[in-house]
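Trainee: Residue numbers (the numbering used here), protein chains in the order written: chain A, 2 to 84; chain B, 2 to 84; chain C, 4 to 761; chain D, 24 to 250.
Since the hints were derived computationally from the structure, they do not count as laboratory data. A couple of the hints might just be wrong.
[Claimed, not checked] With a cut-off of at most 25 Å between alpha-carbon atoms, the simulated SDA-like pairs for lysine to any residue come out as follows: (1) C:Lys-341 / C:Leu-464; (2) B:Lys-43 / C:Arg-142; (3) B:Lys-43 / B:Lys-60; (4) B:Lys-43 / A:Asp-48; (5) B:Lys-43 / A:Glu-25; (6) B:Lys-43 / A:His-40.
Keep in mind the model is a prediction, meaning the values are calculated, not measured.
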Amino acid sequence: MNYFVIVDVTLRRGIADPEGATIERALPALGFTGVTNVHAGKAFRFDVEAESEGAALEKATSLAQRLLSNPVIEDASARLGER
Amino acid sequence: MNYFVIVDVTLRRGIADPEGATIERALPALGFTGVTNVHAGKAFRFDVEAESEGAALEKATSLAQRLLSNPVIEDASARLGER
Amino acid sequence: MRSAPQPLHRALGLTDTELDIIRDVLGREPNSLELALYGVMWSEHCSYKSSRMHLRRLPTHGAHVLVGPGENAGVIDAGDGIAVAIRIESHNHPSAIEPYQGAATGVGGILRDVFTMGARPLAVMDPLFFGELTDARQRWLVEGVVSGISGYGNSVGVPTIGGELTFDDCYSSNPLVNVLCCGALPTERLVLGVASGVGNLAVLLGSSTGRDGIGGVSVLASAGFQGSDGAVSLDDAKRPSVQVGDPYEEKRLIEACLELLDERLVVGIQDLGGAGIVCATCETAARGGVGMDVDVTAIPLREEGMQPYEIMTSESQERMLAIITPENWDLVAALCAKWEVRATVIGHVVEPVTDDQGRSVGMLRIRDGFDGEILAQVPASSLADEAPLYDRPRRRPDDLDAINADDPTDDEPVGTPNDDLLGLLIDPAWVYRQYDSQLFLNTVVGPGSDAALLRLAGPGLPISERGIALSTDSNPRWCALDPRAGTALTVAESVANLACVGATAKAVVNCLNFGNPEHPEVMWQLTESIEGMALACSALDLPVVGGNVSLYNESGGHDIDPTPVVGLLGVVDSLVAPPPGWQWCEGDAVVLVGTRHASGPQKFPLGGTRWATKRGRRGGRVPEFEGEVLAKAIAFVAREISQICAGAASDVTAVHDVGGGGLSVALAEMVAVTGLGAQIIELEHHGELFAEFPGRFVMATNDLVAFRARADETGVPVVALGIVGGDALRIGETIDVAVGEVSSRRRGALEASLASLG
Amino acid sequence: MSRIGVVVFPGSNCEYDAAAAVEQLGDRAEFVWHTRTDLEGLDGVILPGGFAHGDYLRPGALARFSPVMAAVERFAQGGGSVLGICNGFQVLVEAGLLAGALQKNRGLTFLCQPTTLVVSSTSSILTRGATLGQELVVPINHFSGSYTCSDETYNELNRNGQIVLRYLENPNGSRNDIAAVANRLGNVVGLMPHPERAMSTLLGSADGRVLMESFLGLTGAPSFLAH
Ligand SMILES: Nc1ncnc2c1ncn2[C@@H]1O[C@H](COP(=O)(O)OP(=O)(O)O)[C@@H](O)[C@H]1O
Ligand SMILES: [Mg+2]
Chain A
2 MNYFVIVDVT
12 LRRGIADPEG
22 ATIERALPAL
32 GFTGVTNVHA
42 GKAFRFDVEA
52 ESEGAALEKA
62 TSLAQRLLSN
72 PVIEDASARL
82 GER
Chain B
2 MNYFVIVDVT
12 LRRGIADPEG
22 ATIERALPAL
32 GFTGVTNVHA
42 GKAFRFDVEA
52 ESEGAALEKA
62 TSLAQRLLSN
72 PVIEDASARL
82 GER
Chain C
4 MRSAPQPLHR
14 ALGLTDTELD
24 IIRDVLGREP
34 NSLELALYGV
44 MWSEHCSYKS
54 SRMHLRRLPT
64 HGAHVLVGPG
74 ENAGVIDAGD
84 GIAVAIRIES
94 HNHPSAIEPY
104 QGAATGVGGI
114 LRDVFTMGAR
124 PLAVMDPLFF
134 GELTDARQRW
144 LVEGVVSGIS
154 GYGNSVGVPT
164 IGGELTFDDC
174 YSSNPLVNVL
184 CCGALPTERL
194 VLGVASGVGN
204 LAVLLGSSTG
214 RDGIGGVSVL
224 ASAGFQGSDG
234 AVSLDDAKRP
244 SVQVGDPYEE
254 KRLIEACLEL
264 LDERLVVGIQ
274 DLGGAGIVCA
284 TCETAARGGV
294 GMDVDVTAIP
304 LREEGMQPYE
314 IMTSESQERM
324 LAIITPENWD
334 LVAALCAKWE
344 VRATVIGHVV
354 EPVTDDQGRS
364 VGMLRIRDGF
374 DGEILAQVPA
384 SSLADEAPLY
394 DRPRRRPDDL
404 DAINADDPTD
414 DEPVGTPNDD
424 LLGLLIDPAW
434 VYRQYDSQLF
444 LNTVVGPGSD
454 AALLRLAGPG
464 LPISERGIAL
474 STDSNPRWCA
484 LDPRAGTALT
494 VAESVANLAC
504 VGATAKAVVN
514 CLNFGNPEHP
524 EVMWQLTESI
534 EGMALACSAL
544 DLPVVGGNVS
554 LYNESGGHDI
564 DPTPVVGLLG
574 VVDSLVAPPP
584 GWQWCEGDAV
594 VLVGTRHASG
604 PQKFPLGGTR
614 WATKRGRRGG
624 RVPEFEGEVL
634 AKAIAFVARE
644 ISQICAGAAS
654 DVTAVHDVGG
664 GGLSVALAEM
674 VAVTGLGAQI
684 IELEHHGELF
694 AEFPGRFVMA
704 TNDLVAFRAR
714 ADETGVPVVA
724 LGIVGGDALR
734 IGETIDVAVG
744 EVSSRRRGAL
754 EASLASLG
Chain D
24 MSRIGVVVFP
34 GSNCEYDAAA
44 AVEQLGDRAE
54 FVWHTRTDLE
64 GLDGVILPGG
74 FAHGDYLRPG
84 ALARFSPVMA
94 AVERFAQGGG
104 SVLGICNGFQ
114 VLVEAGLLAG
124 ALQKNRGLTF
134 LCQPTTLVVS
144 STSSILTRGA
154 TLGQELVVPI
164 NHFSGSYTCS
174 DETYNELNRN
184 GQIVLRYLEN
194 PNGSRNDIAA
204 VANRLGNVVG
214 LMPHPERAMS
224 TLLGSADGRV
234 LMESFLGLTG
244 APSFLAH
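Pulled out of the complex, with its shape left as it was, chain A reads as follows (with noise of 0.2 Å):
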């Protein structure tokens, strides 16, 4: 079976994210206001062939734990998505 998974890659807690800081700081002159903790984080989307779904997230975990994301900065975690 194939399965459409969603990778999501957020930076850990205390980890300085010089991005989300850069976008909130942009926000008041582009007139947004009331918008706060801005964090950037990236997301990978792809297809897995597996047995079943929890296969399929095993695999996806596997994947983003030992290549999409780096443990020393970065929090991984996979889930089944809709395309």
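Using the hints provided, position chains B, C and D with the ligands relative to the given structure of chain A.
Mentor: Here is chains B, C and D with the ligands on its own, set in the frame of chain A:
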């Protein structure tokens, strides 16, 4: 009210995604098989101060389209998230 | 909204007359695929149909010119068995809608032009033009373009060593992004994009083909796409699908192609740029006088359901076409596999046919399968070389006399000269810090000086002590007032920049960025500008070895100011020590070298200067171009500095040409980078602070007597301006600013403007 | 004369420059394609700057899976000298041969500029010939050079003299001005600045020589590994 919003930014269909393609090409050598159609995207997480869920999403959508993405090559959509 | 459907040929950008010509060429009605091929190949962008007959005015010959205009890049013989290839191109319109990718793919395209000649790309330069930094959109454009050049150029591994940065409202919705690339190769290895040898294979290298930039060529280059409100209002039909660059693919493509050439495995090679496969196949076939069969089904695709016309005209990036003999296929395939570069046979060279008048004609045939049905069949040269040429109507703008008469030269100084001077200082370091300017260990003078200077060395090149110098220059303010003199002066200024690093100019490339050629005023500007370039190049004995024309640059219905950009390549015969640059020392004498007064009726003309423009005064006259006078001063400086480069002792400690902003700005720049003040004499006239005319240099010497004697010998005028030292820049009674203020205002100007926009 | 392997990943671009620096000092450099799996006979290995695998995903993230990296790890475990310059540093960190991580620069732009480095430890193959506190002008050239690590890791690195170079003025937001770190033994070092670009005054600075000479074993204690 304060809402936690996630904006997903993905490349539009038909736009080349060299990052996704490069990751995909590398996978077999790392022992990952059966993973295809890899696409790399961005996700922004932030808090929005708004009257209602609808208003929060509207603000986030406008932000997504005006600042966080370029509609010429990217699609952006906002959704409510859980912290 | 949509009017009645127009006939296909018009939708493809072809006129009724052009359709008739196509019917004549084919002796029948073209089918729709054939029309699409003509549509892209006969677009302004590919065919230069509005400018080509005028470009013939430019001088292109010189003993050292190995390849002149018309090829992928111009090539000169730099000596010691090394040839240098150079090329400049614009990527204006794509950058207006997706600044990062537009600029990035501009870099990718220019690199391919250069390694197509067999040259390893050694340096990139990027003349950039934006609107004034007054709104967030300009900031988005500036940051996007600069990071696009940085992101692609750094990653692909070619240093970006200089450029230009101009802000003017005429570019606010139509920024200009020009990119120049220079490369080097052993002279004996020069290759051209020629297909020859019936039975040879056409091999597509690199990326797969998608719907990127389909019809982008004709749509972008043959029709404006700005709404009258100045906003970019693309309807979906016209929206060019933007191309995304992949510097990693390009890097591998460069290495693979250079290795293919080293191993002598290719007969000819051609990059795929505008108009994609159709352009590359018809050009190589036309150059070789042969035919070519292309199997449209063989081309690796990135998307499903692509039509033959989409496949043939797609502008997907990072692709090359190599012509090889069938015996070499296995070796080519293996070499490409090593670099992880895809290689696919997509066609082969066939005999030319004989037409009914007995002429031999190479046909480009698009087939559905290797021996499949013929989908299109047209003479290759009719696509590549035989677009109709237009001598479009020209007219000197009616208001130009009034504009010339509105001269700021006699304006009373208002405000304080100190503030005027400080307001003109801007350090482009924020831009060039983002570029790797040092890769390959050749960069003796990087960005931030008058010209860049590189050791002429690289993998695979014969050993040489020579250096090459590069400068790009433009002055749209001059060219708006007088495109002929303005362009001539721009060339002179560029040659002067080279002299500051000890180099003698050897070749020119140019990128002519102009408005809508259907406006007679724009055609007048274009032809005048070409005249001016021809004039200056003849006077200074400089061949033009290549160029690019970008038309339809309009902002909100207004044409941009005429913006010819020149790129100059110079050579330093012996480069063992760095030139002195702007680094003067305490106690040095400061001198002005060259004529003190401008040629023409005005001693210190202020028309078109940065000083006048800043005050909203855009009228006036520009100085006259006096080739002989300029050439003498320039040659003197080049000789003085080249001796230092060759390792000789010298009393000259610093040199800087007087460019944008005039004499006071040149002095202030030297103060800013050294942190040393200077005491300068009272000038003749307040206009002398800010007047701009080339052929003048500020130099510093620790032996004024000896220096003056050498200048006198050559008849080059020298004025002693003052002495280096103190904690301020003082010019007579007029200017007095602290060194710290000069440095910090210059350093912070660009960041401050960007930061003020959120 | 030493034989130094310069690893070439697809996308590397400073391999010629690193080799030139080695050869300028009289040693021999040879390119090691990333698919090679033995480093037999080499006296040292350099992972040069550039954009291995396009820097896609994260700098170094794909390169660390290249076949050559297992060999580099064995080479390091055997006490061999391994130097990662810029992208090479990023690869070593991703591969876990050095601690910490490299994030995007504080200003979110690529930076190519001279920096002044201060030698903060001489217990490494890169700095053994330098003196503590010595200032060296060496250019940086990177987008992701902001060194990050946990407090724990930092304290350990600091205590063991593994932070070998610091910036005099921090250009990129790097934690505690860190420009170069070594492993515990000092035989594996990564630095963001480019010593190979500072080998001659014609190109602006010759201060990188002392670092390259140290690495090649031309100066400094023949072995500090004992300590
Ligand atoms: N867009 C740019 N990219 C790289 N370098 C630039 C750019 N703009 C300006 N520079 C560099 O800054 C220096 C000053 O530029 P400019 O003011 O045009 O000099 P000049 O007036 O002598 O032609 C030059 O070395 C130039 O190469
Ligand atoms: Mg210039």
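Trainee: Taking the hints in turn, state whether each one holds.
Mentor: Outcome of the hint check:
1. C:Lys-341 / C:Leu-464: Status holds; Cα separation ~23 Å.
2. B:Lys-43 / C:Arg-142: Between Lys-43 of chain B and Arg-142 of chain C the Cα gap is close to 22 Å, so the pair holds against 25 Å.
3. B:Lys-43 / B:Lys-60: At roughly 18 Å apart (the allowed maximum being 25 Å), Lys-60 of chain B and Lys-43 of chain B satisfy the hint.
4. B:Lys-43 / A:Asp-48: holds (18 Å)
5. B:Lys-43 / A:Glu-25: holds (16 Å)
6. B:Lys-43 / A:His-40: At roughly 11 Å apart (the allowed maximum being 25 Å), His-40 of chain A and Lys-43 of chain B satisfy the hint.
Checked against the numbered hints above, the structure breaks none of them.
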